[in-house]
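Model the full assembly from the supplied sequences, consistent with the hints where possible.
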Amino acid sequence: MFKLDPQTIKQWKRFRSIKRGYWSALILVTLIVLSCFAELYVNNRALIVSYEGKWYFPTYAGKILPGSMFGLGDDYISETNYRDLKQKFKEEDKGNWVIMPLVPFGPEETDGDHIFESPSLETKHFLGTYDAGRDVLAALVYGFRTAMAFALILLVCTYIAGICIGCLMGYWGGAFDLLFQRLIEIWNTVPFLYVIMIVASVLSRSFWTLLGVMVFFGWTTMTWNMRTSTYKEKAREYVSAASALGASNTRIIGSHILPNTISVIVTFIPFSIAGGIAALTALDYLGFGLPPDQASWGNLLKIGTANLQSGWIVTSVTVSLIVVLLMVTYVGEAIREAFDPKKFSYYE
Amino acid sequence: MTSYFIRRFLLIVPTFLGVTILVFMLTRLVPGGPVERLLQEAALAGADGAASFTSDVVSSGGSTLSNDQLDQLKAYYGFDKPPLVSYFHWLGNVFTGDLGKSTRYGDPVWDIIRSRLPISIFYGITTLILTYGVCIPLGIVKAIKHRTVFDNVSSALVFLGYAIPSYVVAIALLTSFAFWIDWFPLSGFVSDNFDDLSLIGKGLDILYHAVLPLIAYVAGSFAFTTMLMKNSLMDNLAADYVRTAIAKGLNFRSAVFDHALRNSLIPIATSFGNNITLIITGSFLIEKIFNIDGFGLLGFESLVERDYPVVMGILVISSLLFMIGNILSDVCVAVVDPRVKFGAGGSNQ
Amino acid sequence: MNFNTFYRACGLFALSVLALALTSCSPEGESDVLSEFPTITLPPIEVAEGDGLPVEFPEDLEWITNNDDPEFASPDAIRGGTFRTWILSFPLTLRTVGPDSNGSFAGFLRPIQFSPVTFHPMTRKPIPLMATHWAFGADGRSIYFRIHPDAKWSDGEPVTADDFVFTVQFMRSEQIVAPWYNNYYTERIRDVKKYDDHTYGVQGSHSKPGDELILDLGIGPTPDHFFRMSDNWPVEYNWKPAPTTGPYHVGEVEKGKYIELHRTEDWWADDLRYIRNRFNPDVIHIKVIRDETSAWQHFLSAEIDTYGLTRPNFWHDKTNAEAFRKGYINRYWFYTKLPVPSAGLYLNTADGRLADKNVRIGLAHAMNIELLMSTVLKGDYDRLPTFQLGFAHYDNTSIYPRNFDLAKANAHFEEAGFTEVGTDGIRVRTNEDGSKDRLSFEVTYGRDDHTPRLVVLKQEAKKAGVELRLDLQDSAASFKKMLEKKHQIAWLTWSTSGLSPRYWEHFHSVNAYEYDPEIDEMIVKTQTNNVTSTAIPEMDELIMKYRNSSNLEERISLAHTLEQMVHDHAAVIPTYQVPYTRDAAWPWIELPEWLGVETTGSLFNSQANAAGMFSSGGLFWINEEKKEEILAARDRGETFDPVIIKDETYR
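Protein chains in written order, with the numbering used here: chain A, 130 to 477; chain B, 28 to 376; chain C, 15 to 665.
Watch out, some of these pointers could steer you wrong.
Restricting the straight-line Cα-Cα distance to at most 30 Å, the calculated cross-link-like pairs of lysine-lysine (DSSO-like) are [stated by the list, open to error]: (1) B:K315 / C:K254; (2) C:K254 / B:K101; (3) C:K641 / B:K229; (4) B:K315 / B:K128; (5) C:K254 / C:K301; (6) A:K253 / C:K476; (7) C:K392 / A:K217; (8) B:K128 / C:K301.
If you are wondering where the hints come from, they were derived from the structure by calculation, not from laboratory data.
Computed from a prediction, not measured in an experiment: that's the story for all the values here.
As structure tokens, then:
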């Protein structure tokens, strides 16, 4: 059975005692969980449609429900426009009804009647619209989810690569270490944008290709950190002792070095997340990121700065960015403090 | 230890070759190089429906280039030889101090780079002075007043600066203080009438233009140095030798300034070497947002516009500086902290 | 261990690297260039046996001129002042030919080189410019010109017939690294001959209607006395501005910051009938502002004088600024009649699914261009019915565009076999071999600001069961993809100009496929403008007939047939056209009462020509007194009624 060791409990207690970080962590986790279910409150698909006594759940139907299903004509083969359907049911008054989410707009959906419109309760564009009438709030919510997912997956991939290579570099040292050091140095100077452009010319731009490129370039930082801490651990007596007792390399790395470097890894996590979000946003801002029609914070930032007369765009996206990144940083600061307990003596 | 540093310097060579050869090959793979840009300019309309600037002769010619003519264009831009041959040709020139000519401006790459250097160095050095000038005192005060309101508030602020990417700071500042409230100039390094100004006027003009970009530059670097200073001073204050000194009757003030401070500057000094690259390269995003003609913007523009000789020239300079900077920072460590020994198989970073 | 010594050595090394770099690249001396790249004398014009202009000057010529068409500049115009405008990037060169000379700065440079004859912007008839008279040769493909006796270059040298002969030698030379010009001046121009200092003749390759001939053969002069030809020509003259024959020449250049065009003193053409009262500012100050947002702010704070508002979001959204609300800035919306750039979706018929005409027609009916125009484009643009438009009689006005029509789209898709609809709402076809085709296409484009337009089309296309995937690349990369025919659908706008539409480069089969002897098969031909990979034998025949015909009637009727074929082939979905020019200007930039003329490209175009051939620019002037008044009023916070003028005279 899984049992928390006292050290971890102590660290957790210390973390909880740092209010700024603790609360930030709570809020962030809540936001991430909420964003997983964004379809339920920000969506152009209805939550529930009741048509001729039957209930439909378009959001989780697993396929699109064409308009022909709700009596909108046989050649209506594409997805139903549920806002129009709601209006129609209301006018017909035949007992059919539609429940729309709180924000009845999808992130990529255009609304031609409301282009660059300021926030309004009436149109339900609570934070206004941008370019082709896309909803700013929807873009913020889905953009947050994309950015978080991107940062987290990036983190897992780069950490796995970084930990493996870094450990080996530190543990084996010698030629292997030297070779990878040069490789990392070379890697760090390659113009990232060119690789993105080359990839974009061969594959179409998508979340996954961008992620692939980022992992391809992002593994070096963690590798370097792991290498240094492995070096330190390796030099300590208990490793020599284990080695003298005949423990295998795998065992030394797996049960001695890795557990002891875990604190290093954990303290880096929040900063890597912040870095991932910032990098994705910067790439989108420069126009080298996600597909152009996908809602993202960087894209909002770009459109917002190009249309300063529509101040609600740039304001909402910069405020969101600042708040989220600040919270992530506070969490990071708190974790670092919790894992690195320096009890200082005070004067006066 | 000397042999260790000599080895480090020798290792620059393979890295330098690796870096340049890799990037050189990449430039051959990127779509949309100079020849392709030429083809496009000859055919496509500019902005929407706006009468295009394309010469009527060119477009009404309606001709298609023969393969020979395409080859001639490729030769003009130096794309006619196999990549490896051109690479070694380029490398040979670099060793004679010739970085080649920009495919876009036709000017020697070095002249272009040199013309951008003063601006970047100005921002680099000012950032450096500001960072150390603010962070060291702030770190000291925070260490002394650990866990007070001042410490908490300043931490929150410093981390705010750290958390927000510098380009977001730049955008926020520019929109607030240059677009919405008309306090600072929109862009540029100096005003158009710079040459007509008096010496004092020139200085003020540069400062006036520099306020917003400088804030964007330094905001992010405060956290690291401040916290480093604070933590290392606290380490030292907690160390036995300071406790002893205080126990022996030394007052707190001189304990801090005469004993602890000097030792706690060591980690600060070790990070100083890396600043050499900071001075030169700057941040292309900040320079782009504020329209400052510095090194960073040059790098970005040359990348986007496929000005390969400039890309390579910048790469040569920045990678050399980067590697020398790394070594210098090790040297700094060794100079300030005689306990450090390099080369015995330990970590060399 | 002697550490200090080592530390010093390191420092010295770093310093010496920098110093070496700083010193090693001193600018090359002028003499080096001369010795390294010897002067090349360009070969004389060679003509095939039995071809070419007569050696003796033909005496029986009928000299033509035109001094009867109306003047279109305002006599109220005030000379002087500085007109401040902007440009997105500093030009890569000050040459007008050769590598990188086709950037946006060419729009400032090219028009200040005058041609011998130009076209009246209202009557569209030829009018004299550098030449006082011209005459058509008996062979139907040559013209003789008489140069204005006072014509001078901006450096004071007289313009002679030699300068025109030199143009052809120059444009044919390999040294200028400009293959398009090489081709054009070799294929289209057979001979050029000087008869005396002010008389010369030019002969073309085909006989053509008169106006087309003038356009083809009315080549401008090139300063023979200025250029030294060598293999280093593009580099040597990259930053050396050539003297000009027009009102302005390059005056001051501050690299990376601004360029000033100065009005040539005692300009020879000042009093010419169609020139007087035009080109009024003394200086045109072109500031480099790398970012549109920043340029806009510069304009709002009166640091630049005018700003183009052609794009709908500029006119409707961005003008919601204080300077407009308080009435300091005037707005002009001026309808014009000019050749229309060919904006559209170009379907690559080399793609398996798009080879099916039903799919192409279905796609045309699935593109909701009307909605795009009424929403994102705010109803300002007009639908473009045909591939090419704006060439007067050449236009085939009997063609109607395919409108958004789901019933028709569905019918055509079903006929093409796309009868099933997947769970994602996208149509699917099952082929005979069991493989499946989805109605999903990649739209390649190179302009970031067009994303909202494509987003609308994408969303609407779903209604017909079509998926569009947006493939945004930077502009050069996207065009490369199109020229290599690797795209499925290309969203692009071809530039147009001249007096008649062009079909050969876009639709002739030689530009679509070529024979590859290695695999003994026809393969897609790359690097040509036939991005639809159209190859129809009947069409090829008509295109060649159209190209070689000199009969205006026949050409017009062929153009109508060709345009109809383009429509029937349905590989091009024409989108929209912009029938106007729209600008904002601070009120001290004044215009004639009539603002502009039928062929005005931009109201505040400081240059002679718009859209290449009609001489319509430079009508505005600067009222310095008014400038002081307005700026003072602004500082006091006074407000005015906003001036918004919509002129539909030429709609």
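Evaluated hints:
A hinted pair counts as satisfied when its Cα atoms are at most 30 Å apart, and K315 of chain B with K254 of chain C qualifies at roughly 29 Å. At roughly 24 Å between alpha-carbon atoms, K254 of chain C and K101 of chain B fall within 30 Å of each other, so this suggested pair holds. Proposed proximity of K641 of chain C and K229 of chain B is supported: the alpha carbons are some 28 Å apart, at most 30 Å. In summary, the hint linking K315 of chain B to K128 of chain B is supported, as the alpha carbons are separated by about 23 Å, within the 30 Å threshold.
The hinted pair formed by K254 of chain C and K301 of chain C meets the criterion: a straight-line CA distance of about 19 Å does not exceed 30 Å. Using a Cα cut-off of 30 Å, the hinted pair K253 of chain A and K476 of chain C holds, with the two alpha carbons roughly 24 Å apart. The straight-line distance between the Cα atoms of K392 of chain C and K217 of chain A is roughly 27 Å, inside the 30 Å bound, and the hint therefore holds. Our distance criterion of 30 Å between C-alpha atoms is met by K128 of chain B and K301 of chain C, whose separation comes to about 25 Å.
Of the hints listed earlier, there is not a single one the structure fails to meet.
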